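Engineer: Now for the letters of each chain:
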Amino acid sequence: MTNSTLARRAAPSRESLLSRSAAMLIMLICTFYFLVPIWWLFVAATKDRSQFTSTSPLWFGDFNLFANIGNLAAYRDGVFFRWMLNSVIYAGAGAAIATILAAMAGYAIAKYAFRGRELAFNVILGGVLVPATALALPLFLLFSQVGATNTFWSVFLPSLVSPFGVYLARIYASSSVPDEIIEAARIDGAGEVRTFFTVATRLMAPALVTIFLFQFVSIWNNFFLPLIMLRDEGLFPVTLGLYVWNTQVSQIPEIRAFVIIGALLSIIPLIIAFLGLQRFWRNGLGSGGLK
Amino acid sequence: MSTRIALRAGALIAVTALALTGCAAGGGSGSADAACAPAADGEKVNLTFTSWLPGMEDAVKIWNAENPDIQVEVQTGPNGNGGTYKNFFNQIAAGNAPDLGQIEYDALPNFRVQDGVVNIADCAGVMDAKSQFVDWTWSQVTFGEDNAVYAIPQDTGPEALYYRADLFEKAGIPVPTTWDEYAAAAAQIRELGGYITNFSQSDINAFAGLVWQAGGQWFTNDGTDWTVTMDSPESAKVADYWQTLIDGDLVAKYPPWTDEWNNAYNTGELWTWVSAVWGANTITSGAPDTAGNWAVVQMPQWNAGESAAGNWGGSSTAVLTGSKHPYEAAKFALWLNTNADALTSMNKTANIYPATIEGAKLPVFSEGLDFYGGQKIYEVFAAAANEVNPDFTWGPTMTQVYTDVADGFSQVLAGNGTVLDALKTGQDKTIEALKAASIPVKG
Numbered sequence: 001m002t003n004s005t006l007a008r009r010a011a012p013s014r015e016s017l018l019s020r021s022a023a024m025l026i027m028l029i030c031t032f033y034f035l036v037p038i039w040w041l042f043v044a045a046t047k048d049r050s051q052f053t054s055t056s057p058l059w060f061g062d063f064n065l066f067a068n069i070g071n072l073a074a075y076r077d078g079v080f081f082r083w084m085l086n087s088v089i090y091a092g093a094g095a096a097i098a099t100i101l102a103a104m105a106g107y108a109i110a111k112y113a114f115r116g117r118e119l120a121f122n123v124i125l126g127g128v129l130v131p132a133t134a135l136a137l138p139l140f141l142l143f144s145q146v147g148a149t150n151t152f153w154s155v156f157l158p159s160l161v162s163p164f165g166v167y168l169a170r171i172y173a174s175s176s177v178p179d180e181i182i183e184a185a186r187i188d189g190a191g192e193v194r195t196f197f198t199v200a201t202r203l204m205a206p207a208l209v210t211i212f213l214f215q216f217v218s219i220w221n222n223f224f225l226p227l228i229m230l231r232d233e234g235l236f237p238v239t240l241g242l243y244v245w246n247t248q249v250s251q252i253p254e255i256r257a258f259v260i261i262g263a264l265l266s267i268i269p270l271i272i273a274f275l276g277l278q279r280f281w282r283n284g285l286g287s288g289g290l291k
Numbered sequence: 292m293s294t295r296i297a298l299r300a301g302a303l304i305a306v307t308a309l310a311l312t313g314c315a316a317g318g319g320s321g322s323a324d325a326a327c328a329p330a331a332d333g334e335k336v337n338l339t340f341t342s343w344l345p346g347m348e349d350a351v352k353i354w355n356a357e358n359p360d361i362q363v364e365v366q367t368g369p370n371g372n373g374g375t376y377k378n379f380f381n382q383i384a385a386g387n388a389p390d391l392g393q394i395e396y397d398a399l400p401n402f403r404v405q406d407g408v409v410n411i412a413d414c415a416g417v418m419d420a421k422s423q424f425v426d427w428t429w430s431q432v433t434f435g436e437d438n439a440v441y442a443i444p445q446d447t448g449p450e451a452l453y454y455r456a457d458l459f460e461k462a463g464i465p466v467p468t469t470w471d472e473y474a475a476a477a478a479q480i481r482e483l484g485g486y487i488t489n490f491s492q493s494d495i496n497a498f499a500g501l502v503w504q505a506g507g508q509w510f511t512n513d514g515t516d517w518t519v520t521m522d523s524p525e526s527a528k529v530a531d532y533w534q535t536l537i538d539g540d541l542v543a544k545y546p547p548w549t550d551e552w553n554n555a556y557n558t559g560e561l562w563t564w565v566s567a568v569w570g571a572n573t574i575t576s577g578a579p580d581t582a583g584n585w586a587v588v589q590m591p592q593w594n595a596g597e598s599a600a601g602n603w604g605g606s607s608t609a610v611l612t613g614s615k616h617p618y619e620a621a622k623f624a625l626w627l628n629t630n631a632d633a634l635t636s637m638n639k640t641a642n643i644y645p646a647t648i649e650g651a652k653l654p655v656f657s658e659g660l661d662f663y664g665g666q667k668i669y670e671v672f673a674a675a676a677n678e679v680n681p682d683f684t685w686g687p688t689m690t691q692v693y694t695d696v697a698d699g700f701s702q703v704l705a706g707n708g709t710v711l712d713a714l715k716t717g718q719d720k721t722i723e724a725l726k727a728a729s730i731p732v733k734g
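Residue numbers (our numbering), protein chains in the order written: chain H, 1 to 291; chain C, 292 to 734.
No lab work stands behind these hints, which were simulated from the structure alone.
Just so we're clear, the structure is a prediction, and the values are computed from it rather than from any experiment.
Beta carbons: idealized from backbone N, C-alpha and C, even for Gly.
Please note that a few of the clues may not be correct.
Stated by the list, open to error - Okay, derived cross-link-like pairs now, DMTMM-like style, lysine to aspartate or glutamate, Cα gap no bigger than 20 angstroms in a straight line:
1. C:Lys377 x H:Asp232
2. C:Lys639 x H:Glu192
3. C:Lys639 x H:Glu254
4. C:Lys615 x H:Glu233
5. C:Lys461 x H:Glu233
6. C:Lys352 x H:Glu254
7. C:Lys720 x C:Asp494
8. C:Lys335 x C:Glu364
9. C:Lys733 x C:Asp719
10. C:Lys377 x H:Glu233
Stated by the list, open to error - Computed spacing ranges between beta-carbons, pair by pair:
11. C:Pro681 x H:Leu135: 42 to 52 angstroms
12. H:Val79 x C:Asp550: 21 to 31 angstroms
13. C:Lys615 x H:Asp232: 13 to 23 angstroms
14. C:Glu472 x H:Asp62: 34 to 44 angstroms
15. C:Gly664 x H:Gln51: 22 to 32 angstroms
16. C:Glu723 x H:Asp232: 33 to 43 angstroms
17. H:Asp232 x C:Asp580: 37 to 47 angstroms
18. H:Cys30 x C:Pro654: 53 to 63 angstroms
19. H:Leu135 x C:Gly664: 53 to 63 angstroms
Put together the whole structure using the sequences plus the hints.
Structural biologist: Encoded structure:
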């Protein structure tokens, strides 16, 4: 290796060391900012009620996490875990079906030419601008007309639509599903539906995971719709359940401890979903642009 | 093929649009004021009851076992101001409200003004039940109208003074019996490094309770018009009193119901709390290290020798508009709030203190509590419950009033403005809100 090559190699890293350190510092601060509340939550959940205010908030007292979880499970016959299951079904099954629906819509808009295609797409895109809270009350009135409020479907059905997912799916389908492959599949005798499920979805996999994750989080956090629709404690998602408990604190102060432990447990499925699937969407977001 | 799809899509859109307009046209129903008739003989009636009291199902189970023809299903949700009142109004508009709902006294005028509750005076047994309840609770559910009952009182929050008996004794400070003595004690306690109490920026209904004790009113209704009097002389007297304490740094400023607030009691920084009967449990839970050191006495008075009490909180059980079985619903509501087993159950699961005269004599209220040095604290509250002014009136928009005044109070604690200014601003905003809602108001 010549000296000039070495110099060329060394120079770039020396120049950007400062900017790299600055970037790392900012990222560290941001990481700290986001993680400290979770740390507080974890520490708080391990404490017994009596130690709650007398020990430092950022460090442990006596370690009582499992006893606290046990008390939470015993309160009202374990309704908290019912709520967790509800949330997982609303969000998991809801996001899965929403992903399929959005993928089909996006694929159709991307790959089929039909009259009104752009109009349909623009209307759907307009749906991205409407926040879920604005839709909750009209949905309540709609469901009241058919007498379906306070049921599982009243929260599940509205969760199956994802305009943003349609947008993502369309973009991804146009860029990563080549028309030639579809032609080839048609020539081989595959029907449109079969082509979609066996060929296109595999190519669109990273986008599908992204849509799934977005929709999962959005359904998990959707608070106003269950608040308006549900009156049966057994149907609550965990976000609404914890909120209801929190409003009862003045009646039964002990419940505050359950709210805190419940909050810690409730973020676990989201963490699992993200950490488990991040491999897919990290790869995918970038590769669609490499065409 | 594409034309057929377009036609189908068009039809679908049209049908949806029609359905939506149908929904928009459906509106509120009138109030169901008809005579209260029971269901046909042998017909089984199913009622729904929305309550946020924890453990309500246990009390209802007792009823369901004894009344196979009238079965009640309990539904739940957040507390009233946390969303359930809004849900009631939405459900009344949509026609699927529960038969019975838990409504706090300060929210009942709101429902009355919007025709959200049924007048159950004609239902069997309701008017006769008046003598079972503490008098002021009955005024809260009848608004002084003749031949009208809008809800059955459930529980009350008579106020008294919780104080650290050990700290007062050690410091040699006599327990205050008047507000003047309270202010003097506040100064002495501050010298020792503590605070006599915390000024709550967000418990506006507690502040209203203090005005209630002083004989003041925030709202009056002469039958047609409302008058908002949040700056009335008694209200101003209470406001100025607390402003003096705030100015002299004699009260703490923690946001209530937080860890810091609990900690301040737990470490002995705060020496007293003017609070309702249900506050006993809050102290036990939030300040466990202080067990055995507390006691309860009548709350401070404006004039020596008096025994007026304020009230903080309390709910009623109302029959909501649109219920198809007001007779059975009223029957259940009466049972729930007068039956000894039901009241004991609700006290056990939700710490409520009954609104009935007999309820104050339940066995559970005659025990001494270790946390309070063995004192039978409920005797103080039973006495206080009988000293609450029966004429206090809540306005029809209390949730908004609380928000407006709480904003003002947090400014006061930050050093901007006085308590009275906050009340006046709240009053102006309330008058505007009432006018905007077309509710007749003077001024």
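Engineer: Just pull the numbers of the violated hints for me, sorted ascending.
Structural biologist: Numbers 2, 4, 5 and 6 - these are the hints that the structure violates, sorted from lowest upward.
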